[in-house]
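Listed in order, the protein sequences are those of chains V and P.
Count along the first sequence from 1, then add 11; that gives the number in this note's numbering.
Count along the second sequence from 1, then add 2; that gives the number in this note's numbering.
It is possible that some hints are incorrect.
[Stated by the list, open to error] Here are the computed lysine to aspartate or glutamate pairs in the EDC-like style, where the Cα-Cα straight-line distance is at most 20 Å:
id, chain 1, residue 1, chain 2, residue 2
1, V, Lys37, P, Asp56
2, P, Lys88, V, Glu175
3, V, Lys37, P, Asp4
[To be verified] A short, non-exhaustive set of chain V residues, derived as facing chain P with CB atoms under 10 Å:
id, residue
4, Ile35
5, Trp122
6, Thr124
Simulated from the structure, these hints should not be mistaken for lab results.
Note that the Cβ used here is the ideal one computed from N, Cα and C, for glycine as well.
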Amino acid sequence: MDLYIIVFYLFALITLASAAIVVISKNIVYSAFALLFTFFGVAGLYVLLMADFIAVTQLLIYVGGILVLLLFGVMLTTKVIRVDMRTATVRTFPAVVIVAALAGTLIGIFWSTDWPQSPASDGFERTIPQIGEMLLTSYLLPFEIASVVLLVALIGAAMIARRERKAL
Amino acid sequence: MDIQPYLLLSAITFVIGVVGVLARRNAIIVFMSIELMLNSVNLSLVAFSAFLGDVTGQMLVFFVMTVAAAEAAVGLAIIIALFRNKQTVNIDDINILKW
């Protein structure tokens, strides 16, 4: 078997298994750490797809940022009471129906559509120059808006999460 | 290697995220499941980008990640504020907006 395919299935296995653990695990800390492996698996798949910049960004933002934030959230909300994870038993049936319909639709469409069947011209040489050029030309406005969104989110998060100060 | 394994992987990861949102009652787990769904969509975007030979898909992933980071910050702030007020992160107990 091709090494590429073996590596793909390895990363796919890591991603799927840890994603399942995120959802199934009773312990929220295990879920958070399983999410770490999901992010790593997806980053590995990005490398396989020649998306080097996105892979590094995935590690920096998701593993370095969002996951640490999530762990802070876990630590800050499980200290007082042990948050027990009772899984829903009440709405199992509607959930199963929705999930089955969604899975059937997605997998059916992905399976039956005629996608391009081989990587276009053995991937990219380097993606970073192209991405940088696009960011400063055709995607300049979304880029700037993204920076404003981040600033607003930063201020908003600090506003929401801080302790209420006594009114003067 | 064709694109279908990537897309199927993305679909399955997305469905696992949906299961998490629907079945789990802990707000932080729901939050992680949303991140899973964002990741699966990113994966299919990058796959299309590679198979079409067009970097635009990776641009979209970049912006999705930006929004995900903003969402993570604000969402966790909301969860912490809720926890401070109600001493729980169980989303069935946080129902004061429910009629």
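Non-conforming hints, listed in increasing numerical order:
Violated: hints 1 and 3.
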